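Colleague: Each chain is listed here by its residues.
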Amino acid sequence: MTATRTAAKRKSDPAPQGDAALNLEMLRSMLLQRRFEERCAEAYALGKIGGFCHLYIGQEAVSTGTMSMLRPDDYVITTYRDHGPALARGMTPRSVMAELFGRQDGCSRGKGGSMHLFDANTNFLGGHGIVGGHVPLATGVGFAIKYRGGDQVMVCFMGESVVNTGAFHEALNMAGLWKLPCVFIIENNRYGMGTALERASAIHDIYERGAAYNMPRNQCDGQDVFAVRQAVGEAVERARKEQIPTLLEIRTYRFMGHSMSDAVSGTYRPKSELEEQMKRDPITLLRTHMQEAGQLTDEQLQKLDEELKAIVQDSWDFAEASPELPVEDFAEASPELPVEALYEDVYADTTT
Amino acid sequence: MPVITYRDALGAAIREEMQRDDRVFLMGEEVAVYQGAYKVSKGFLQEFGEMRVVDTPITELGFAGVGVGAAMVGLRPVIEFMTWNFALLALDQVVNAAAKMLYMSGGQYKIPIVFRGPNGAALQLSAQHSQAWESWLAHIPGLKVIAPGTPYDAKGLLKSAIRDDNPVCFLEGEMLYNTKGEVPDEEYLIPLGKADLKRQGEHCSIITHGKMVLVAMQAADQLAKEGINIDVVDLRTIRPMDVEAIGESVRKTNRAVVLEEGWEICGVGAQVVDYIQRDCFDYLDAPVIRVHQADTPMPYAKGLERAAKPDLPKAIAAVRKVMYLD
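Going down the list, the sequences are from chains A and B.
For the first sequence, counting from 1, position 27 maps to 27 in my numbering; every step adds exactly one.
For the second sequence, counting from 1, position 63 maps to 63 in my numbering; every step adds exactly one.
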């Protein structure tokens, strides 16, 4: 397709890089995700966050670059590695941290946890826990947009391991067949848990899978937020104006383990690879660009960092102060009392 | 009152709901151009157009998920599985997406969707096409599970299912599509979760649902000739189950047979028996007996298939046994 292999050309396009206010906003978004998740790791070690917890550190340019090209009424859906996309979409650090702490004020009222962040206010349709399972949902949202004659866009994030599932194939086939306004974004961070892409997929340029669905396809550098903006921008435009879906492979890297139970480098990737990749930290790249362009002073950066750390601390304090879901209290105080929160929202009780 | 087929009752229910609410659409394999694999949607494409009557590729997991996604953002899909046998491929979407979305989103995303299609065995379709899935589906909190046995119930329950804000699994019967019954012209709804006492009797209860309702009624007819009067409790909804109706009947008759199409182990009948032992322990004059499919995959050969399926002679034998007549 014509849209492929244009990354080199884009590098020379200064247009999206000159906007100092936008760059600062993006730096802020990316750094917020980073500082937030550093504290998540700490909270996990302290036992304040439980269960599975998958950090996004290293991939922040993908979420921020993508969200910067969307309208508030567009839709976003993603996998269980969802803290970064949730924050980049505009969900409050408070509501996300409270969810991770399993509290009533969490975005999913403590029912979802790390893997299931939802927010109807920002059309954030969730973190989903079954690899590939959410991709058909994205096609369904695209179908609904078309059904209603709207011009919204559905953006679906997924890891690169998703492309090997049947759900991916079925969903993209229908999106291509019916020409739905979807942008399918593969966040190719190289490893499906501990299995390298080359050990899992018969082809390695996985955006080419789009060929099977007659779908425009492209790949870009996921550590460069400008490249992400460019590629996502093209895809969003195509979806919004022409109702044509795109498969976009954004090549990024995860600086942490697959989950909190996974060592940072592990047995499946050499430490040297990790160190090499960390030289292309997306936040450092943007920061350096801004500093070189005279858009950011050291003082401004430090101030921004302090401010974001305070916001994250506030989210932590808020989460800790938020009431726990009252299961144990109820059980101890009066065993016969129904544990209301437990049984809430199993069924919607209204009919139309 | 007009007499129509179960198939036409289902079609009328969907048509009326599509006329009433433009968020309702029908999607599945062969629902549009082919006019429905079982002709439930005959004439729909012409009436509603291709945006609301949508043929899909053969991709159960995919289009089940498409339905859930569309429901998340405000549409009200009716997803037709050509048979529930094929829906096994879609269970991740039914269970992990549809059933849990409201809960794991803290109440933010309801999923008003109906998954429907024929369930259970027809005739000589052998192992992979002859399965009754209601116990699997009813196991899942967040789902409602419906299995109507008559045209009247099929229409009233399907209309309610389409209006319900929860995911509803609607299990029809291939062998029921041509059966006929009275269905009024004027609109009516049947609430989900309510059983129907299809026949009153004081000697023994038969608790059943779906296709087996006909068998239970035939058994009751036949046993009446011997002076044995059967209370036929048609559950209609498997989840939520009408526990009161079961208890009321068993406390009256003191004996019960639970009749279902599916397999024995962890079947719907096991749950019914649990409710009976819990609520009617002191009322029972005999152990409850279950009638169900043999504990094997469904065989092809006619005689073997007959041996595997629950049927009229087996239902009658169970009643006689529970009444200590044999």
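Think of the hints as simulated: they come from the structure by calculation, not from any bench.
Please read these numbers as outputs of a predicted model, since none were measured by experiment.
Glycine included, C-beta positions come from ideal geometry on N, C-alpha and C.
One thing to keep in mind: the hints can contain errors.
Quick look at which bits of chain B chain A covers, simulated, 3 or more residues with Cβ under 8 Å [claimed, not checked]: (1) 89-96; (2) 99-107.
Each pair of labels, with its calculated beta carbon distance range [as the list claims (entries may be wrong)]: (3) A/R148 - B/L312: 45 to 55 Å; (4) B/D185 - A/A211: 51 to 61 Å; (5) B/A127 - A/E242: 21 to 31 Å; (6) B/Q46 - A/G149: 28 to 38 Å; (7) A/G51 - B/K39: 24 to 34 Å; (8) A/A321 - B/Q277: 20 to 30 Å; (9) B/L88 - A/M278: 53 to 63 Å; (10) B/P297 - A/L342: 51 to 61 Å; (11) A/R148 - B/L125: 55 to 65 Å; (12) A/Q313 - B/D274: 22 to 32 Å; (13) A/E242 - B/K39: 31 to 41 Å; (14) B/H129 - A/A211: 46 to 56 Å.
Derived DSS-like pairs (lysine-lysine); straight-line CA-CA distance at most 30 Å [what the hints assert, rightly or not]: (15) B/K39 - A/K146; (16) A/K241 - A/K48; (17) B/K159 - A/K146.
Colleague: Please list, smallest to largest, the hint numbers that this structure does not respect.
Modeller: 5, 6, 7, 8, 9, 10, 11, 12, 14, 16
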